[in-house]
Each structure stands twice: as C-alpha cells, then as structure tokens.
Amino acid sequence: MLLKKQKMNSTIIRTDRLCYDYAKGVNTLTNINLQVNRGDIYGFLGPNGSGKTTTLSLLLGLLKNQRGTIEILGKDMQHHRQEILCKVGSLIENPSLYNHLTAKENLEVYREVYGASKSRLHEVLKIVGLNETGKKTVKQFSLGMRQRLSLALALLPKPELLMLDEPTNGLDPAGIMELRSLIGRLREIEGITFLISSHILSEVEKIVNRVGIIYKGRMRFQGSLEELHRLQQQQSLVHLDTSDNLRAWAVLKQLQAELTEHDLVVPYTDIQQVAAINKMLVDNDLDVYNLHPHKQTLETIFMNLTND
Amino acid sequence: MTFTASLRSEFLKIKRTSVIYLILIAAFVVPFVLVFDHDIPAPNNPANGGDHFYSNGFKVFAFLFIPFFFILASTLLMQIEVRNHAWKQVLASPQSFLHILLAKFAVIQVLALVFLIVFNAYMVMGCALIDVIYGVDFLAYLDRWPELLKLNLMALGSTVGISVLSFWLALRYKNFIAPIAIGFLLWLIGPTAALELKWPHFDKYVFVLPFTIMVERFEDKRMFYQLLSMGYGVVFFGIAYFEFVLQRMPLRALWRKKIKDISGDHQSSSRVI
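Chains A and B are the protein sequences, given in the same order.
First residue of the first sequence? That's 1 in the numbering used here, and the numbers climb one at a time after it.
First residue of the second sequence? That's 1001 in the numbering used here, and the numbers climb one at a time after it.
To be clear, the hints were calculated from the coordinates, so they are not data collected in a lab.
Hints may contain errors.
[Said to hold, decoys possible] With the C-beta cut set under 10 Å, the calculated list includes, among others, these residues of chain A facing chain B: (1) L62; (2) R81; (3) Q82; (4) V88; (5) E108; (6) T137; (7) Q140; (8) L143; (9) M163.
The C-beta atom is built at its ideal place from N, Cα and C for all residues, glycine as well.
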C-alpha cells in the first residue's frame, strides 16, 4: 500500500534549470524547473510564443538540450532516450500523420516500433472512435478526426506519460468537451499522467489538477489548481468610497488597505470579509458611499502572470 | 527497438506513394527508345545485336538514370516526413537515430534494386518484341546472364556513393527543390570536368564512377572504383549521421559522459516566480 502510494507520488518529469536559445542572445527558455508528479493532469499554460512547445520538444528530445537537465520517469533523458520514449506518448503541434495512409495503416507504421500488439491497435482506435473509418485515408479526415487519430497514436505504447501540445487546436466546442472527457477517462482507466500545454486557461482549467504558467521563457507559477485559486483570492480587491477616506484607511490599516487618489482599496479573500469591512466602517461612524468588490478570475490572474 | 521494426515502419510509409510510378516510368524510358532506335544485328552473330542493344541501354541507364533515381527517390522519401509534419513523431518514437537513418537508406537501396530488375524486365520485353517483329535473336544475349548479373551488381556498387550523397542532401534540406537542384548540378560537374575541363582525375569523381563500369579504359581499375564508391558512401553516411544526431543531441551525450549534476533545490511547492 505504502509502495503504491510512493509510486503515485513519484515525480514523472523533473527539469532542472532548463535553458534554450534558438539564436545567440535570445533566451527562449530560462531556468525552467518543471515538476510533474505521477497521476497528475498538468496544465502547462502560457501565451503563444512563451516557450511551451520548445519545452515539450526538449522533453521529447526533439531539440538539443543546451543547458540544464531533464529527468523523465526517473531517468536522464540524454542517456536513456529510447527507454523513456517507449513509455511516453506525444502529440506536438499539428497532427503528425501520413495523409496517404488509412487510420489503421498510420498506427501500423509505429506498432512494432512501440512493440504494441494488433489488439492494442484496434483498442486505441476504438477508444478514440475511429475503428470504423475503413479505407478512408487521413487526407479525407476532418481536423477533429486527425487530432483523435494522433491521440490514438500517442496511446499506442500504453504510455505512462502523455504529452499533448495544444490538443484542442482547431477543435469545435463539442470536440473540446469530448477530448476533455477522454483525458479524464484515460487517467482513470489507464492511470496515465498528462502534460497538456495550452494558451487558454479556461480550456484546461476543468481537467487539470496542477498548473505551470510560463511567460517569455520563464516559469511564473507552478503549483496545484487550489493554490492558483488561493492566489486568485489573495488578489481580489474591494474598492471603497466613504465620507472620510483618510479615517477609513486608518480603521482598515490592519487589512493592508491602500489609499489612492479617488478611493480606498482593500484586499479580501471571501465575500463575508467584504461585509465585515462594511460593518467596521459603519461602526466607526463612517458613511459608505460606494463599496465595489472586484473578484479576480483565474483568467485575470493568468493575464497578470503573463504580462510585463 | 529492433532495426526490423524501423525497417517495416519505413516500408509501410511508401505505400500509395508515387515512388512505384517513378520506378515503372523511369525504367521504361531507355528500353522504349531502344526499341525504335536499335542497331541491326551483325550477320552470323545473332547475339551481338542483343549485346549492343543491352550495353547501349545500360550505359545510359547506369550513368544517367540510376543517379537521378537516387536523387529523386531520396527526396521523395524524405518529403513523406516533411509534407506530413511527421519528423517529430519519428524522432519522438523509441528508435535510435542510426536505425532511423539506416532503415530509410535500406528502403532506397531496395527500391534501387527493384528499379534495376524492372529495367532488365523491360529490356527483355524490348528484345522479345524486336525478335518477333524482325525475326532476329536479340534474346540470345540472356545466355550470358552471369556477365549481365555482374554488370548490374557493379552498377549498384558504383552508385553507392551517389546514393548516400543524395540521401544526405534530401535529409538536410526541407525544401524538395534544393536536393534535386544540387544533385543535378553535382551530376553535371562529371561530364563538364571530363569533356570541357579535361580534369585528369575526373574518373574519381563520385558521379562519374558508374561510367567506369562499361568503359574499356577503366577495365583494370574496376575494383578500385567499386571500393572508391563504397568509401564515398561510408564517408557521406558518417557525415549525414553526425549532422543528424548533433542537431538533436550535444556531442558529450554521444560519448555517454555523465553530466555533472547541477546542485540546487528543486522547488516542488507552489510559487509565483
């Protein structure tokens, strides 16, 4: 039981001070310390061009590691590339499929490379709902079908870790929901750890349990979704206008109130605290003309973290 | 993963591609032209006509068609990955870089062998057609099949250098025009060096080596040219391999040196950085 718990808690991806430059003097990635634990659905977030794909490409050995170390499944990537890739499925940017081949043939290309059985091939096609595409070649597939086939390809080796780079790109809302439920099911049934990159927080917010936010090649935040929510609460502010803002500031000083030119700003964590602030002011004979709680959304936190 | 798995993977990729049409059409050109433009057999030596028919055709085939086949087939094979954005999937699969390259190269070699077989089949059909129309015995040249087999094998041997050079060019350029244009220019240097510049060592130029297998002047040094072609092949493959690997892996990792651990706390807790 303890062993199982330890296994569940073990780190599956660990990067240490990972740096990458496409050109001299242009730091694409700087000191990326990524940590993904077994069983996580890790949302790797950041705006376009922030370094998500570069990080994933380094993790998969598609780019030359310039500085820092990468450890996947407890092994160093540079020295155990093949061993690691046997247990890792990936979908990087556009679907990497052979358009002149059928869905089955595309999987057949990699089946023996991954040492997968024929029954596994049929199984993954069934999981993504492409088991009845027959002789239709991939060039006749819709983008959603291609994305699902790429996912089937990533699932072929029964991976312990699945890296998906912007998997919802080009999918319609129904497709996005379908993918979300598929990821949830795969985590439950196959126990796969996911690393999912996206530039839209709301897209992955519903499925991830851990988040890493990258901006201009630097990690701005890394932690659980609850911790991000806590940060959101810490950054919510109530704007006040009273009959005497200076006296009100003195009353609310212990709550880190700040006096601005037009109003008084006080951070709050929950809506009950706003009521308490109001009561404190009224109890001190201050008239409250305006009380405007401004709750930060995860989206605004994300925007704040990904802004200069 | 085993090399056979990589090889199987590469063969599956060429299904429904135009490479088979390239083979069928390109191998057809020389026999087709020869059927309409062949020499009359010498009297009392029916096989002579066939010999001439075959040797004339094979010279053009070995010097022009085989090198261009390698240039086009290599480009076509690499473009399968480029056009489908599939390189990253290949490289993210558990295959060694050497297996990936060797499997692709092996497919090209097998295709070249098929190209040679199809060419010979067309030549036999061409001779048979002439025999039927003119009542000659061109097909008698087939009696000397060990000699022809040797000639075919020498053609393959003499083009090893060209095949690897074409493979390397196709591998390093994403644009399909570049390897074809460079390949054509490199081929053109051969006749230019020999006929225009009268360069004394033109026979050692990689694209001229197929020319040496049928020209009497080079008869004594044929083994040398075969070895030279293979030497070129080894050198070009070495360059292609190291270039391919070093784009994706630091040199130190190739020698499996242990990288000194960079000490430092790995912060696992949440933080705004």
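Now the hints, each set against the structure:
1. L62: Interface hint status for A:L62: holds (5 Å vs cutoff 10 Å).
2. R81: Status holds, d = 8 Å.
3. Q82: holds, 5 Å
4. V88: Holds. Min distance 8 Å.
5. E108: holds, 6 Å
6. T137: holds, 8 Å
7. Q140: It is violated, given that the least Cβ distance between A:Q140 and chain B is near 13 Å, above 10 Å.
8. L143: Result: violated, 13 Å to nearest chain B Cβ.
9. M163: Result: holds, 9 Å to nearest chain B Cβ.
Checked against the numbered hints above, the structure violates hints 7 and 8; every other hint is satisfied.
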